[in-house]
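Visitor: We have chain D; now place chain G onto it with these hints.
Taken in sequence, the protein lines are chains D and G. Counting in this note's numbering, the first sequence runs from 1 upward without gaps. Counting in this note's numbering, the second sequence runs from 1 upward without gaps.
Hint data in this document are derived by calculation from the structure and do not stem from the laboratory. C-beta atoms are modelled at their ideal positions from N, C-alpha and C, and glycine is treated no differently. Keep in mind that a hint or two might mislead.
What the hints assert, rightly or not - Partial list, derived from the structure: chain D residues whose beta carbon lies under 8 Å from chain G: (1) GLY185; (2) ARG282; (3) VAL416.
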Amino acid sequence: MKVFVSSDTASLALGSRRIAALLAEEASRRGLALDIVSTGSRGLFWLEPLVEVETGEGRVAYGPLEPDDVAGLFEAGFQEGKEHPLRLGQLEDQPYLARQTRRTFARCGIVDPLSLADYQAHGGYSGLERALLLEPLAIVDEVKLSGMRGRGGAGFPTGIKWNTVLHAEADQKYIVCNADEGDSGTFADRMLMEGDPFALIEGMTIAGLAVGATKGFIYIRSEYPHAYRTMTEAIRVATEAGCLGSSVLGSGRAFTLEARLGAGAYICGEETSLLESLEGKRGMVRAKPPLPAVHGLFGRPTVVNNVLSLATVPWILTHGGQAYADFGMGRSRGTLPVQLAGNVKRGGLIELAFGTTLREVIEDFGGGTATGRPIKAVQVGGPLGAYFPASMLDLPLDYEALAAEKGLLGHGGIVVFDDSVDLSRQARFAFEFCAAESCGKCTPCRVGAVRGVEVMDRIIAGIEPEKNFTVLEDLCTLMTDASLCAMGGLTPVPVMSALTHFPEDFDTVPRTPAAAE
Amino acid sequence: MPKPAQWDSTLASAIIAAHSSLDGAALPILHALQDEFGHIHEDAVPLVAQALNLSRAEVHGIVTFYHDFRRDPAGHHVLKLCRAEACQSMNGARIASDLLATLGISWGETTPDGHLTVEGVYCLGLCACAPSALFDGEPIGRISSETLADVVQQARAQ
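The shape of chain D in the complex, shown without the other chains (with noise of 0.2 Å):
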């Protein structure tokens, strides 16, 4: 019997590692050869761990399990998918994988992360075979008419990146993708690493093809081990078994791909940030112009793109840049892989056409707080993005809509809170994290989030709160007019909305000031 158990690194924190043990325990007592697939995750974690079991019908689902239900699964039969209390039937009839459009994420959970025959037999390295009878610039232009925006945060879309690459003429070009996925609420590049890890690097290889470059970088933040072990041990099977190398798939052109670990920094998400740390500097933000894709990696022109966005082309040379325009709202074209997470019942990997609406994902998906308390606010966007009041979840998940709204889409990342939640406390956060991951370069971040910390305390304690407020108001224009990268830039945007959306946490009566936790 086939069984499959999903060892991303959210699936480990939940058990899933003793839970297969356990399986291959019992199955060996009772003399039951057993076949334990290590999948990636489907991204529904309030159901794991979770066992999977290959049927006729399919493969059957069991979960949330203790280790004390293994035993019992056995017991009930679950090897021929037969009736348990956790049989949850088959997970693509869950409501919440069946209304999603999964794109990105089609194969994570489902395949075996570093089979490559696995990934071949659905639907891998189809998109790579239809870039190779391409010319550069018809690779390029299928990428435009997607229309796709770079996931990372910023929105630009891919297409035009690509060509100003592409047209740019040098002696080595590079591939990067950033992998320092630090946002707060964040997890969609690491489940796809390490799901489904020859997407981004079937990916990266359309975009070495579609510009002219032979060598990528995959930067990947220290805080996910896991993924930089499965990224490293793909890409050492992809070049053993010729996807990559000095003659992708026989035809003749190289590129080469090594995956590069980050050492704690926030601001190394910021693209020029990232291409100094990759150098092998500090991790300092450069002015721009000149653009990476100009003026990039030592100096040469530079695709920097989210691991999102790279391992979606495949997808997109497929099937066509207009198949998958056809989804989504406005400018924002294609599915948003949305990040669900922090206090809500049914957390999870959620991709859907962009323009559903907050209240959607966080009711329907999520089914409202863990705790069962009232939501009083939710944050979209990270660390840098606005938190928005209960009142407002009919907003659709659209990169103008939010921006209309003062807020801002990022990575996709939705931390909701329960009423316990203090919006005077996040916004003191907001600035005591641009303090701690500023990279230091321009005053007005520097400095900027030391004082907004200072500030915060003064408002916090009741402290000229009239004056405070100016000089807080006075603080967040500087910031964001003067500040060189997002990072200072963004800053206030949590705090203006914590301020604008929740005027009451911020009253004048005299409390405790913030302790230093």
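Guide: Showing chain G alone in chain D's frame:
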């Protein structure tokens, strides 16, 4: 967690040489040194500088820029607790401050018996099972004060 090796400049030079031909070799070298010795020994700085044709000040600058690189050894075990928003929303800040108070240490410090170092980290990508932690590199989700008490006990036992 395997015990880090004692500082040995010959071994360090060999590690540096094994990585110095990489493009932008500084981070891979520093990671490899820290993997071996548990921290970046101050005598490593001139060796790295020489291998990469950098000044010692430049290498010092790199080491001190990144939160990961330690200049002193950690405890026998390292617990990284997430301090970011998703974990805050699930009471992570309180759980963390209670633990630090129980241990009598601050962020980044090691218990006096040398068994456990507790570090703050901003996001482990385990936000759908918050609050979360990494104990000697292994992830733990939905942590509570009870889970952490077990972790401390494990750390002390070994």
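Visitor: Does each hint hold? Answer for all of them.
Guide: Each hint, compared with the structure:
For GLY185/D, the shortest C-beta to C-beta distance to chain G is roughly 5 Å, which falls under 8 Å, so the interface hint holds. Below 8 Å, beta-carbon pairs count as interface contacts, and ARG282/D has one with chain G at about 4 Å; its hint therefore holds. Given hint, VAL416/D at the interface with chain G, holds; its Cβ is 6 Å from that chain's nearest Cβ, closer than 8 Å.
Consistency note: the structure conflicts with none of the earlier hints.
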